[in-house]
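Participant: Here is how the chains run, residue by residue.
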Amino acid sequence: MGLEAKLTQDGFITTTLDAIISWARKSSVWPMPMGISCCAIEMISAADPKYDLARFGSEVMRFTPRQCDVMIVAGTVTYKMAQVVRRIYDQMPEPKWVIAMGACTSSGGMYRSYSVVQGIDQFLPVDVYTAGCPPRPENLINAVMAIQAKIAKSKARDYPDVPLTDLGVIKN
Amino acid sequence: MQFKELIVEKVKEKFGESLQDVNEFRGDLSLTIHKDKILQLAEFLHNDSELAFTMCKDVTAIDWAVRKNRFTVVYHLLSLKNNFNLRVKANLENEPYTIESVTSVWRSADWYERETYDMYGIVFENHPDLRRMYMPEGFEYYPLRKDFPVLGIPGSLPLPNKTE
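Just so you know, the sequences run in chain order C and Y. Note that numbering that gives the first Met the number 0 has the first sequence beginning at 0, numbered continuously upward. Note that numbering that gives the first Met the number 0 has the second sequence beginning at 0, numbered continuously upward.
Think of the hints as simulated: they come from the structure by calculation, not from any bench. None of these values were measured; they are calculated from a predicted model. Every residue gets a Cβ at the ideal spot worked out from N, C-alpha and C, and that includes glycine. Incorrect hints may have been included.
If you want a taste of the chain C side facing chain Y, the calculated C-beta under 8 Å gives, among others [stated by the list, open to error]:
#, residue
1, Q82
2, Q121
3, F122
4, R135
Please model the entire structure based on the sequences and the hints provided.
Facilitator: Pasting the structure below:
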């Protein structure tokens, strides 16, 4: 990047706080693996050494929502499961993003049925939709890169520090 | 005497007119019994030492989408002793669609009957715990009935509120 060369010359660089925060933020987007059905297998594939999601700083799949930045909703969301997905999403700290992985999650997919939510955007703010049934790991990596591009353009002040009590997640 | 003939003979002798139909299709034997006699038949098939249908593999229903004889409840039984599968049917002619539970004979029928109740709205009388199986409590419809739209009834299942 030429950064090292610059540092040896002057010992400092100038940038904006927004740029440096976004740069730091986008390089370690920890996913919440919301693997509900077959897409989860491809999500696991994406994290394995062959596809290696670690190259993009997203290898740390956390099973507690309190340590996650992006929720990868991988699978068919039924009306019963929708309540659970939303509950977990609510427990993730701000700022947070959502990837709707695969046809079922994005639109109900082949499940044109009374029990399946026809697209999770009915109750979640989705940032990236991924096509495929299931999407290949490359496609999921592409989605993570799209999230990174989105974060890179964001500003720190877009995400005010809201106490958890105001979000209605925890009491007192 | 073949085992099939033995079953039919024994059931006919015990239940007479209540045995409405005997049908064999591709080697599978089906008995149609009057719905009031289902529990007695279940007890008989289970307790008879020769027949010994000790396992209930499935309970389900058919919606014929007609006004009369709308539902048929279907039981799949297995005699481990004789390695024989038997299908028992009972027609529910008109409302209310109720039938006696066979849970007292086969414990495995418990969840099958709950599922059938959940999907078709058929009430199994004297069932120990007849709650919904898949659909949430308070849901007012029965999804596998033919008059239920495939995409459901909008607003009948709650979704979380949309985030701002």
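Participant: Holds or violated: C/F122 as interface residue toward chain Y, Cβ cutoff 8 Å?
Facilitator: OK, holds: C/F122 within 8 Å of chain Y, min 4 Å.
Participant: Measuring from the C-beta of C/Q82 to each C-beta in chain Y, is the shortest one below 8 Å?
Facilitator: 6 Å, holds
Participant: Hint check: is the beta carbon of C/R135 less than 8 Å from a beta carbon of chain Y?
Facilitator: 29 Å, violated
Participant: Does the nearest C-beta of chain Y fall within a distance shorter than 8 Å of the C-beta of C/Q121?
Facilitator: Holds: closest Cβ of chain Y sits about 6 Å from C/Q121, inside 8 Å.
Checked against the numbered hints listed earlier, the structure breaks hint 4 alone; every other hint is satisfied.
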